Every structure is written in structure tokens, then in C-alpha cells.
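Residue-level listing of the chains:
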Amino acid sequence: MLSKRIIPCLDVKDGRTVKGVNFVDLRDAGDPVELAAQYAQQGADELVFLDITATHERRKTMIEMVKSVARQLNIPFTIGGGITELADADALLNAGADKISINSAAVRNPKLIEDLAKAFGVQFVVLAVDTKHVDGRNMVHLNGGRLITELETENWIKQAEDLGAGEILLTSMDHDGTKAGFDCNLLSKVNQMINIPIIASGGAGSMDHFTEVFQKSNVDAALAASVFHYGEILIPDLKQELKRNHIPVRI
Amino acid sequence: MKTKHSFPYPDKKERIEIIMIGIVNYGAGNIFSLTAALERLNLSYGMVNTEAELEKYSHIIIPGVGHAGTAMEKLKATGLVNAIKKLSKPVLGICVGMQLITTHSEEGDAALLDIVPVNTKKFDKSLNIKIPHMGWNAVNHQNNSLFTAVENNAQFYFVHSYFIEYNPTFDIASADYGLKFSAAVQKDNFYGVQFHPEKSGKAGEQILKNFSNLSL
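Residue numbers (UniProt numbering), protein chains in the order written: chain S, 1 to 251; chain F, 1 to 216.
Note that these hints are calculated values from the structure, not bench results.
Treat the numbers as computed from the prediction; the structure is a model and nothing was measured.
C-beta atoms are modelled at their ideal positions from N, C-alpha and C, and glycine is treated no differently.
Some chain S residues near chain F, calculated using beta-carbon distances under 10 Å:
#: 1; residue: 40
#: 2; residue: 93
#: 3; residue: 195
Calculated lysine-lysine pairs in the DSS-like style (CA-CA distance at most 30 Å, straight line):
#: 4; chain 1: F; residue 1: 130; chain 2: S; residue 2: 189
#: 5; chain 1: S; residue 1: 118; chain 2: F; residue 2: 74
#: 6; chain 1: F; residue 1: 74; chain 2: F; residue 2: 85
#: 7; chain 1: F; residue 1: 130; chain 2: S; residue 2: 243
#: 8; chain 1: S; residue 1: 243; chain 2: S; residue 2: 189
#: 9; chain 1: F; residue 1: 125; chain 2: S; residue 2: 158
#: 10; chain 1: F; residue 1: 125; chain 2: F; residue 2: 180
#: 11; chain 1: S; residue 1: 158; chain 2: F; residue 2: 121
#: 12; chain 1: S; residue 1: 216; chain 2: F; residue 2: 180
#: 13; chain 1: F; residue 1: 76; chain 2: S; residue 2: 118
#: 14; chain 1: F; residue 1: 130; chain 2: S; residue 2: 132
#: 15; chain 1: F; residue 1: 180; chain 2: S; residue 2: 243
#: 16; chain 1: F; residue 1: 125; chain 2: S; residue 2: 118
#: 17; chain 1: F; residue 1: 125; chain 2: S; residue 2: 243
#: 18; chain 1: F; residue 1: 121; chain 2: F; residue 2: 76
#: 19; chain 1: F; residue 1: 56; chain 2: F; residue 2: 209
#: 20; chain 1: S; residue 1: 216; chain 2: F; residue 2: 130
#: 21; chain 1: F; residue 1: 86; chain 2: F; residue 2: 121
#: 22; chain 1: F; residue 1: 209; chain 2: F; residue 2: 89
#: 23; chain 1: F; residue 1: 121; chain 2: S; residue 2: 111
#: 24; chain 1: F; residue 1: 74; chain 2: S; residue 2: 111
Taking CB as the label site, the calculated pair distances span:
#: 25; chain 1: S; residue 1: 189; chain 2: F; residue 2: 85; range: 47 to 53 Å
#: 26; chain 1: S; residue 1: 232; chain 2: F; residue 2: 151; range: 26 to 32 Å
#: 27; chain 1: S; residue 1: 158; chain 2: F; residue 2: 153; range: 31 to 37 Å
#: 28; chain 1: F; residue 1: 168; chain 2: S; residue 2: 135; range: 54 to 60 Å
#: 29; chain 1: F; residue 1: 82; chain 2: S; residue 2: 52; range: 50 to 56 Å
#: 30; chain 1: S; residue 1: 189; chain 2: F; residue 2: 41; range: 40 to 46 Å
#: 31; chain 1: S; residue 1: 216; chain 2: F; residue 2: 151; range: 28 to 34 Å
Hey, can you work out the whole structure from these sequences and the hints?
Okay, structure coming up:
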């Protein structure tokens, strides 16, 4: 049986991680490579790196970071941030990234999804969607939730699947940062609508929230940042807890 | 090797025993992660572009991601097909590289190398599964030497939309996703794994180590 995946997300700025200060045996908490290796050892199933300052000038720093991560890491990882064209994705693929995540560039130019899927395969293309509840509808937002678009979340995700997205990373801006649990209703609705894997994001505060999101919405993976970085939830404990609740996980 | 006397094996014969993995370089997908994994395991490797280079190595890996039909066309373009089929040293196909050693793929309705007489088929949505099969899945293995020191039902990382049909004659490990399929096959010196050993944690690294220890 396919396991449900647990995915720590690392925010990177200029090739350094900006969160992740609470690990004990780290020589350098800002080093993405060391942090990534630590997570892999703890049993993370996959990692996501979001480059929050990605620009063309800084692309080189990012490529070097991706190469170092790929040299050390024996689990898959995704890179997101600032990917606007095929050349960006190609450079990341050749540096060892398993998948790339695109967000605003795809909203501005949906054909990018199709082009990336054709060039590198659907398994390489993760569409990240930031969603917020507005007047009874779920609306796609950009810039970390600051900018509303005219796209309705469910429609956009369906369109992206048709265009060739291989996976959806769905972040609820209403739940993100609240530590009050994932948006199980929306995740469940989207999960039933599409036939590609979906990663739940936004709202993880306790181990129960992970159990809940897998039980209620049957998503394929759950992503979180701060609860892992600050050691509030340890991945081995989380996996044991999920296993006790009969959720298939890799121990 | 600047100075001859520093080489630990003065006898040339012993030098030939050294394990060197040749990676068939036919342009189907990125191999950075594979070479990184071999480096972590201290396994030496090189690229195979020509028939002469195929001879140089003790073990051969056929990597591959993407479209099986396209990959087969690229492999044909290298002119290595016949030489690969004649190999008697250990060969390991990974992911699409594994599919290439089968007879036929539904992906692009492509005739493949036909080394292991089984077929590569498309996962069927009607089995109520998501496609691609992406993530960690348990692998039930048959104690083949490729799986030495790997626990049964250890999990490996898979990413694929096409699978190799289960056939007990050639199956050395199986997995379940809507149906039972071959996660690994063997015929004589030819091995194939559908999962990505280079991305499958410690269990995956053990597979690469075991492959390098195969002698036929």
C-alpha cells in the first residue's frame, strides 16, 4: 500500500534556510544541506525548498544549493520559487531536483504547466495553490495571500490537472499560521475532484491534525514548516502516532 | 595516478577486479541523483557512450525517466542496442531503464529491448488509483541477491504511470497499487527495478551496493 507522505518545508533565502533554529546536533542551522540531511535521517519522506527571494540574479546561488542538497540527500525533494520558464526548470532538474513547484507564473501563464509537463514529464510539475475563503468562494491568491486573483480554486486546480500538473500543493491561507488544523473540508472536496496526488498545507499545529487530515480528506501527503523546525513535532513520533491510527506510513 | 609506486595493486590482474559501474548515457533524464548516490557509496562509475566503453566496466546501469517510447528511440540512436542485449555482465535498469529491458510498452506502443519477456502497461484509472503512482510503497521481495540485507516489505520511492506486469518467472519483487505489479525483475544477468534506489533512503542504497556486489 502506498504510504502517506510527511513533508517538511524549508524556506530558503540566498541559499540559506531562514527557519529551523531548534535542532540540537546542527553545526549550522542555516545550512539547507545539513538541515535536509537531518530531516531525511528522522524519516521525512520528501522535502520542499521554497526560495523566497528567487530572482534571476540569485538563480546561481540556488542552483549551487540544489546540487549540494542532491549530493547529500537520499530522498526526493522539490524546489519552488521564481520558476517562470523552461530554462529555469531545466537547470534545476540537471542540478538534481526531483520536482519543481510553480505558483504565480502558472497563474499568469497557464500554458507553462503544459510546456513543463511535455518537456520533463507530469511527475516533475507540482502546482502550488494558495487559497483563501472570500464571500463563500475559495479564491486563488498570489504573493503569500496578499493578492487576490479572479480564479476560483477548484476550477484552477481542475484546469491545472488537465494541463499536465502532476501534483497539487494546496495551502489554505485561512489556516496557515493558525496551528488550528488543516482545511479538511476543502482538501477533501479537491481530493475527490482530481486524479493526481495532493499535498495538504497550512494549519498543522499538533500530531492530531495530521491524523485528522489523512482520515477526513484522504490526501496523499501533508506538509508543515514551523512545527518541525522548532521541534514541536518530531517526525518519528508523528509516524508512530499515524501508524497507531492505521494510516499507512513509512517507518 | 601520477606515480606508479603509489598504486596499491602492483599486479595488473587485480586491478581488473575493481568494480566500476558504467552508466548508459543516452540522454533519457537527469542522472545527477544517481551519480550522487554512487559517490556516497564510494562506488566508482563512468559514462558509456560507445560499444568500447561498454566493455570497460564491470557493471552496467541503464537509467531513465520520462516516456518509454521516446527513451527507446534515444537508446537506438546511440547504436548500443545489440551490444547491450549481448552483455553477460550484471546490468541494472532503473525506472524507465527497467521498462526498456521488457518486450513492449503501452507508452507510445513501443517495441523495446525484449530481454525480459514481459510487458509494460498503463495503470488503469478505473482501479480507483491516482496516476502517477508517486511515493513510498512496500516491496515484497523473493530473497534475490539484489535484495540482500533488505527487509521484506521495506519501502521504496516510486514515480511512474506505467508498470511491468507481474510474471512469477521473472519477478523478484512485487508491489501493490490497484493491482500487483513487478517492482523488480531478473533474467540471467539482467535486472530491473521500477523504484528509484537513489531516492529510496537506506534501503535504496543497499540495492545499489548489492548490485555492485553481483558477480556473474
